Amino acid sequence: MTTLNKLLDSFHEIASSPKKQLDAYLSEGRKVVACVPVYTPEELIHSMGLVPMGAWGGDIELKESKKYFPAFICSIMQSILELGIRGEYSGISAIVVPSLCDSLKCLGQNWKYAVKDIPFIPVTYPQNRKPDWGKELTKVSYERIIRDLEAATGVIFSQDALARSNKIYNEHNEAMRKLSEVLEQHPSITAVQRRDIFKSAYFMEKEEHTALVCQFMEALSQVVETESKLKVITTGILADSDGLLKIFDEHGLQIVGDDVAHESRQYRIDVNLELEPLEGLADKFSRMDHCSVLYDPEKKRAGYIVDLAKKHKASGVVVLITKFCDPEEFDYVTVKRACGEAGIPVIQIEVDRQIVNYEQAGTMIETFKDMF
Amino acid sequence: MFTLGVDIGSTTSKSVILKDGQEIISTSLIAAGTGTDGPDRAIAAVLAAGNLNLNEITSVYGTGYGRKLLKNASGEMSELSCHAKGVHHLMPEVRTIIDIGGQDAKVLSLGTDGRLAEFLMNDKCAAGTGRFLDVMAGILQLKIEDLEKQAAIAKSTVKISNTCTVFAESEVISQLANGVKIPDLVAGICQSVASRVASLAKRIGVQQTVCMSGGVARNGGVRKAMEQELGIEIIYSPMAQFMGALGAALYAYDKS
Numbered sequence: 001m002t003t004l005n006k007l008l009d010s011f012h013e014i015a016s017s018p019k020k021q022l023d024a025y026l027s028e029g030r031k032v033v034a035c036v037p038v039y040t041p042e043e044l045i046h047s048m049g050l051v052p053m054g055a056w057g058g059d060i061e062l063k064e065s066k067k068y069f070p071a072f073i074c075s076i077m078q079s080i081l082e083l084g085i086r087g088e089y090s091g092i093s094a095i096v097v098p099s100l101c102d103s104l105k106c107l108g109q110n111w112k113y114a115v116k117d118i119p120f121i122p123v124t125y126p127q128n129r130k131p132d133w134g135k136e137l138t139k140v141s142y143e144r145i146i147r148d149l150e151a152a153t154g155v156i157f158s159q160d161a162l163a164r165s166n167k168i169y170n171e172h173n174e175a176m177r178k179l180s181e182v183l184e185q186h187p188s189i190t191a192v193q194r195r196d197i198f199k200s201a202y203f204m205e206k207e208e209h210t211a212l213v214c215q216f217m218e219a220l221s222q223v224v225e226t227e228s229k230l231k232v233i234t235t236g237i238l239a240d241s242d243g244l245l246k247i248f249d250e251h252g253l254q255i256v257g258d259d260v261a262h263e264s265r266q267y268r269i270d271v272n273l274e275l276e277p278l279e280g281l282a283d284k285f286s287r288m289d290h291c292s293v294l295y296d297p298e299k300k301r302a303g304y305i306v307d308l309a310k311k312h313k314a315s316g317v318v319v320l321i322t323k324f325c326d327p328e329e330f331d332y333v334t335v336k337r338a339c340g341e342a343g344i345p346v347i348q349i350e351v352d353r354q355i356v357n358y359e360q361a362g363t364m365i366e367t368f369k370d371m372f
Numbered sequence: 001m002f003t004l005g006v007d008i009g010s011t012t013s014k015s016v017i018l019k020d021g022q023e024i025i026s027t028s029l030i031a032a033g034t035g036t037d038g039p040d041r042a043i044a045a046v047l048a049a050g051n052l053n054l055n056e057i058t059s060v061y062g063t064g065y066g067r068k069l070l071k072n073a074s075g076e077m078s079e080l081s082c083h084a085k086g087v088h089h090l091m092p093e094v095r096t097i098i099d100i101g102g103q104d105a106k107v108l109s110l111g112t113d114g115r116l117a118e119f120l121m122n123d124k125c126a127a128g129t130g131r132f133l134d135v136m137a138g139i140l141q142l143k144i145e146d147l148e149k150q151a152a153i154a155k156s157t158v159k160i161s162n163t164c165t166v167f168a169e170s171e172v173i174s175q176l177a178n179g180v181k182i183p184d185l186v187a188g189i190c191q192s193v194a195s196r197v198a199s200l201a202k203r204i205g206v207q208q209t210v211c212m213s214g215g216v217a218r219n220g221g222v223r224k225a226m227e228q229e230l231g232i233e234i235i236y237s238p239m240a241q242f243m244g245a246l247g248a249a250l251y252a253y254d255k256s
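So the sequence lines, in the order shown, correspond to chains A and B.
Heads up: the first sequence at position 174 corresponds to 174 in this note's numbering, and the numbers run straight through without jumps.
Heads up: the second sequence at position 7 corresponds to 7 in this note's numbering, and the numbers run straight through without jumps.
Read the hints as simulated data drawn from the structure, not as lab findings.
Note that this is a predicted model, so its numbers are computed, not measured.
The hints are all genuine.
Quick list of in silico lysine to aspartate or glutamate cross-link-like pairs, EDC-like style, CA-CA up to 16 angstroms: (1) Lys-336/A - Glu-118/B; (2) Lys-68/B - Glu-359/A; (3) Lys-68/B - Glu-366/A; (4) Lys-68/B - Glu-250/A; (5) Lys-255/B - Asp-370/A; (6) Lys-159/B - Glu-171/B; (7) Lys-369/A - Glu-118/B.
Whenever a hint applies, use it, and build me the whole structure from the sequences.
Structural data, given as structure tokens:
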């Protein structure tokens, strides 16, 4: 087996078995903290010697969580609570839940009652994150997380350690941005494999993941590409389903760039290392943009997606709308209009952690390809 | 050269044989769709109607939900692409197609060259589809083809929910219990389907000329209700149910 295939297998193994990763960290005596979407300041957790692990739910049947949520609410959150109730997060020290959408606020409140043995730590972000007083509020919120983490784990926070973690996360961001650019040149890497690489980042410490991604890019640079595919951009909260992504591969669609919250949205902005570390982390959040859950009265995300499609010479944009996600649905109108004005075809596909059969999505993607 | 298009839908199988990518030689429709012997019977019927043998057919293309299961096919295309191609072949002036089939509804926007510019499909729900009409006809103990006649003699239109077939079923039963006349109920049922699908059409932007295709297009009650909902004339071809199969036969010709 080639180095490249071994690395792809590693990414797949890690991405598809977070429980195994969790158990491995716990068996080493490490303390693990779950990080809920969309933006949790992982750097803080990492700096305290804790292992931040992404908790974006799973494609599972929802039973117990339905006791706590109304019927029409995001399945990502419902599945996070379902996994919590089932004991899949057993052993972790805390769960950090940001308040970036109304549904996330419900998750945090419900968690306290449904999973009593794992402490819930809220992240209260300001709606107006850019002014100095907005940054100050973010910083105060982060200080609250630090206090809660110290209480939950007994570990003490230090600015020096955060400075080191900020640097490690910046390096990881850079590697992931570079990865996205490199993958554009390699249509042989499938949509499922691309997802595996991005997803695995949530279940590893970032310095380890950066090393693995760099090895992968080195191995990939030896590959001579012979095939070409229809280039598309994906956008949405999550592009995780094997069933859906295999349809991309089946119909010869290559994801040449993404605006997916679970993927590239995480890696766009670095911490300014010139600033005091905690202030730098709050400043990072203030500079984040182009996301449905980050307040923007000018809705610049639509233009960002058009520019992304043009930059990567994408033929079209695939909008993966998470079912019952109000922020994404509101943004869709401006995204579709901007793409239409730019002459970029758009296809909207509804995704959900509960969907098993993507037959209709298959027909839509097949038809989308026929349009070119 | 003869080409054959087979549209395997959820409730019916349709076939069209085309000569030299232009002339329709024969058509067939069997009221049995994917997962049944309907496709085989539709092919046998269309060959018999055209006095042809399968070995005289240069290329066979499948479309519809069951397209991937079509035996010995030369290729397959999605039903949206095929409906667009079929409609453009017969009615080149059409820019918007409203296709209501047995299981779903689709709205297609065409460019001047007949290329598919944009499309939308309904979500996974029987409301606004042929299945909705089947269920309602069953409750009213009517044949599906009688719905049009009943709607035509309605004195008023009863409001029926367009959001859920199950809820609508309960509503219809309640209205029956209240003594509402069947024609008025049927008019409401047609209005319900039209209202649901018109919303889909408005999302994509309706450009004239508009036509309806698919099995439900045969129902004049739904066509009339759709015209009221959209405030424009909707054209209709007697070949409405065969547009997918025709498009597949055209693709078979193009790709031969």
